[in-house]
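Peer 1: So the chains spell out like this:
2 protein chains.
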Amino acid sequence: MTAHVTTGVWCPTLTPLDNALDPDLRLLSAHLCWLVDQGCHGIVLFGTTGEANSFTVDERRRVLEGVLAAGFSPDRLIVGTGCCSAGDTASLTKHAIASGCPRVLVLPPFYYKGVSEQGTIDAYSREIEATADDRLRFYFYRIPQLSGVDITAAVVDALIERFGPVISGLKDSSGDRESIEALCNRFGSRLDVLVGTERFLKRALECGAVGCISATANVHAPIIRALFDDPTEAAQERATLARDAYESAPVIPALKAATARRTNDDGWLHVRPPLVAVQTLGG
Amino acid sequence: MTAHVTTGVWCPTLTPLDNALDPDLRLLSAHLCWLVDQGCHGIVLFGTTGEANSFTVDERRRVLEGVLAAGFSPDRLIVGTGCCSAGDTASLTKHAIASGCPRVLVLPPFYYKGVSEQGTIDAYSREIEATADDRLRFYFYRIPQLSGVDITAAVVDALIERFGPVISGLKDSSGDRESIEALCNRFGSRLDVLVGTERFLKRALECGAVGCISATANVHAPIIRALFDDPTEAAQERATLARDAYESAPVIPALKAATARRTNDDGWLHVRPPLVAVQTLGG
Chain X
306 MTAHVTTGVW CPTLTPLDNA LDPDLRLLSA HLCWLVDQGC HGIVLFGTTG
356 EANSFTVDER RRVLEGVLAA GFSPDRLIVG TGCCSAGDTA SLTKHAIASG
406 CPRVLVLPPF YYKGVSEQGT IDAYSREIEA TADDRLRFYF YRIPQLSGVD
456 ITAAVVDALI ERFGPVISGL KDSSGDRESI EALCNRFGSR LDVLVGTERF
506 LKRALECGAV GCISATANVH APIIRALFDD PTEAAQERAT LARDAYESAP
556 VIPALKAATA RRTNDDGWLH VRPPLVAVQT LGG
Chain C
306 MTAHVTTGVW CPTLTPLDNA LDPDLRLLSA HLCWLVDQGC HGIVLFGTTG
356 EANSFTVDER RRVLEGVLAA GFSPDRLIVG TGCCSAGDTA SLTKHAIASG
406 CPRVLVLPPF YYKGVSEQGT IDAYSREIEA TADDRLRFYF YRIPQLSGVD
456 ITAAVVDALI ERFGPVISGL KDSSGDRESI EALCNRFGSR LDVLVGTERF
506 LKRALECGAV GCISATANVH APIIRALFDD PTEAAQERAT LARDAYESAP
556 VIPALKAATA RRTNDDGWLH VRPPLVAVQT LGG
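So the sequence lines, in the order shown, correspond to chains X and C. For the first sequence, counting from 1, position 108 maps to 413 in the numbering used here; every step adds exactly one. For the second sequence, counting from 1, position 9 maps to 314 in the numbering used here; every step adds exactly one.
These are calculated hints, taken from the structure and not from any lab test. Please note that the accuracy of each hint is not assured.
Copies of the same chain look alike in the list, so a pair counts if it works inside one copy or between any two.
[What the hints assert, rightly or not] Derived SDA-like pairs (lysine to any residue); straight-line CA-CA distance at most 20 Å:
hint: 1; residue 1: 418; residue 2: 551
hint: 2; residue 1: 399; residue 2: 361
hint: 3; residue 1: 399; residue 2: 511
hint: 4; residue 1: 418; residue 2: 582
hint: 5; residue 1: 418; residue 2: 451
Chain X with its partners taken away, still in its complex shape:
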């Protein structure tokens, strides 16, 4: 049994862009403050929702530095650092730790498919060894429908065995209720297990999860926070209904469009290709 470091409702923030599709740090900082006001316990910078892989290593470093320079607390940040190359992952991870953000959320290398468990273990091991810092707090990022690579219990076990306390948590965005519950049951007392959607939050909390990291926290964090604080059946139903509104559309452009409407700022509509923006503010 380990004391949990990360609990509650975390938002994988959208990354607002200017007309040149460069990160808009002014809009981003305002959004992060708003999210905390809305009840988020913290923010994941550069998850899938933040279009992480559409940015270069240098761009990702500069955004983290900008957010911290604007006064946002590193204690409220987890930084996505997983790239295809171990060199890029280690570089971003070292930078995050040096910036006061030891919690990193790490995709497996996501180009090759049909990767073996041993290959995934080797890849993560190489990155952690290259980081070479005991302050590291490593969170697995399980999202096989995009990465093409699963994070199995055997992978998690092997890395706990090898690296001990730096292995801190797991974000499960697989959307597969059965395997999520199995991972919560197995690792909930040892790791911070966070589910990738509020849709499963009540049940996941019962199985050992400590919270969620959900894209739709960008638009309706209070509903998710209410569910986390008091996980009743009614709160779950309300959260699931709110989530449903985003299931049919491409979620990142839709969340940016909703934010553009809320803030009355068209700048929020911009996405980086290969995503395609929702073209108008509309209704």
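Dock chain C against the given chain X, drawing on the hints supplied.
Peer 2: The following block gives chain C in isolation, referenced to the frame of chain X:
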């Protein structure tokens, strides 16, 4: 009708690694010379077989510089430059052109799945605009089973329409005979269409392809060259049979192991995770 720039048998070279899993430029240069001696018309540096996405942008630049410094002709090179972020792709593409290698083979951004044709067009357009160099010779890299993103005729048409002569070719590694033949028929007179396997070479040549870029050219280029020079049914059968030997195993470790046996050099066994090396030289 355009004069074809790239024809024949091209080898997407393996990238040999040293004990620290850094590129071994000595082994690589020797391998490239051997491949040309074996009948390859040219080399693709940093395709899928070359573990391209397991290297950082800086590593990829240094390998190209090392190959050229060792005296290999840039006229015999196509450079893989497609990354998830437009900034990385443009950076590698500019570097290749400045190094005398205007032919680049470009994956679409490969993290997001279910990407629209418009998103793929937008992503490629942004990269070509950022490169901003008329010397560019751009080759699409179609390998949806790994990238998760298809290159359709509509995508190719849109980019030809927009960028004209810089759009030079297409490597089709989809393994899907029907769509390969359709693309050969449609674009064979306008683009250099190269198939990703000798398995389809005879038929593809009949449909308008100008050659192939095949991983197994790393081990049996003469068989593929014989098929290209005289595409008889017997030559196709011989090439298909040779290819079959590599269809059941993870192909990159198997090709490296075969090269280790041929050169009697264990160094060739190294792969970067998430690939897993074949552990012994064996038989």
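Peer 1: At 20 Å max between alpha carbons, let me know whether residue 399 reaches residue 511 within a copy, between copies, both or neither.
Peer 2: Close neither inside one copy (35 Å) nor across copies (53 Å); limit 20 Å.
Peer 1: Check residue 418 against residue 451 for me: Cα-Cα at most 20 Å, and say if that holds within a copy, between copies, both or neither.
Peer 2: Both, since 11 Å and 6 Å are each at most 20 Å.
Peer 1: Since the copies are identical, ignore which copy is meant and state whether residue 418 and residue 551 lie within 20 Å (CA to CA) inside a copy, between copies, both or neither.
Peer 2: between (28 Å within a copy, 17 Å between copies)
Peer 1: Up to 20 Å between alpha-carbons, please classify residue 399 paired with residue 361: within, between, both or neither.
Peer 2: Both: 16 Å inside a copy, 15 Å across copies.
Peer 1: Are the CA atoms of residue 418 and residue 582 at most 20 Å apart within a copy, between copies, both, or neither?
Peer 2: between (29 Å within a copy, 16 Å between copies)
Of the numbered hints stated above, the single one contradicted by the structure is hint 3.
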